[in-house]
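**Q** Given next are the chains, with one letter for each unit.
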Amino acid sequence: MPPALLLTLAPILGLTVNITVQTVIGRLPLPIGHVRRQFVSFGCGLIAAALWLGHILPAAGLSTLDGAGYATLHLLAYAMAGFIFFNVINLNISSLRIRMLKEYLRAHPQTLPDCVLRQKYHVRGMLDARLERLAHGGQIVLRDGRYFCQRSLVVIIGHFFAFLQKFLLRK
Amino acid sequence: MAAFALALFLFLLALAVHIAWWRWRLPRHHTAALLLIFATPPVLATGFWFGAGYRFGLAWTALPGIVLFYAAAIGCYLITYAGVEETSPSLVIIRALEQAGPRGCTLEELGPCITEERFIAPRLAALQRDGLVVVDGDGGRLTPAGRRLARLATLLARFFNLKEGV
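Just so you know, the protein sequences line up as chains A and B, in that order.
Here the first sequence is numbered in our numbering, starting from 1 and rising by one per residue.
Here the second sequence is numbered in our numbering, starting from 1 and rising by one per residue.
Bound-form chain A, shown alone (with noise of 0.2 angstroms):
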């Protein structure tokens, strides 16, 4: 198989192993938060889609340039991958239109009223989980009564979507 092509294979392993130790490492008791084990999970993956290109760039006969450029492109590809199966995991967590899909499906074949959709979402208790969810992030901390902010990436992340609403929908 022409080297170019393997060097392919880099992106598609990463994801695999990512994919592999979030499965193992979902069934072990750790006492460690879901964020967490994806980070592991897809830092596993990065380092067999490392090795994989260490191993096969240096007998491509490529240029140094031409070399670099792969590397990048198939690093990247896996770091976007590994962002998508990020984000899949998370919205099985998080997303309120996944969960509400999951309360629509344990109805089945029943219609589910909307008044046991709301009661079971209901905005109060969505608040309180949001608030301790945060807390227990480190993103915001309660004083006195009183919730603070704190300098995290989620305000970083919360900022760069702002821009992007009033940039592109001008909401």
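Hints listed in this document are in silico derivations from the structure and should not be mistaken for laboratory results.
Partner residues are not named here, just some residues of chain A that face chain B (Cβ under 7 angstroms, in silico): (1) P11; (2) G26; (3) D66; (4) A77; (5) F83; (6) N87; (7) L96; (8) R97; (9) L112; (10) Y121; (11) V123; (12) R130; (13) Y147; (14) C149.
Note that the structure is predicted; figures quoted are calculated from it, not measured.
Built from N, CA and C at the ideal position, the CB exists for glycine as well.
Starting from the known structure of chain A, fit chain B onto it as the hints suggest.
**A** Here is chain B on its own, set in the frame of chain A:
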């Protein structure tokens, strides 16, 4: 380097067209418009490549890598765009606390940020608009497409041993 440069160029080209279109006027069906925008550059590039007799200093063996990169970039962008279209409750809370500054907010002050009109109703409407749920009496019922997606989500949650949040 040509493979990486081409993959990046195609993605940036599609992104530029998307931004220009959205700034000019918002399309009616965002997802369909995005898919059209992202599908066009690779089709045009393949046409040029065949037309030019497979030149541009690129071997056919580089194509799978380019396709993989481009497809992954589209996936990433569509996920990010979904976050732009629908605001997450967590980000709304963070924004409210940031605006409050050193005063912070009590639970009662944060209450109006998370309303049913802002978070529950639009998502229920989106499920119906996307053909995943149909209105039935005073509630809703899954369509075959909704059932497939809900089953897939349940299967993934079981497989990766995921616990739902709120």
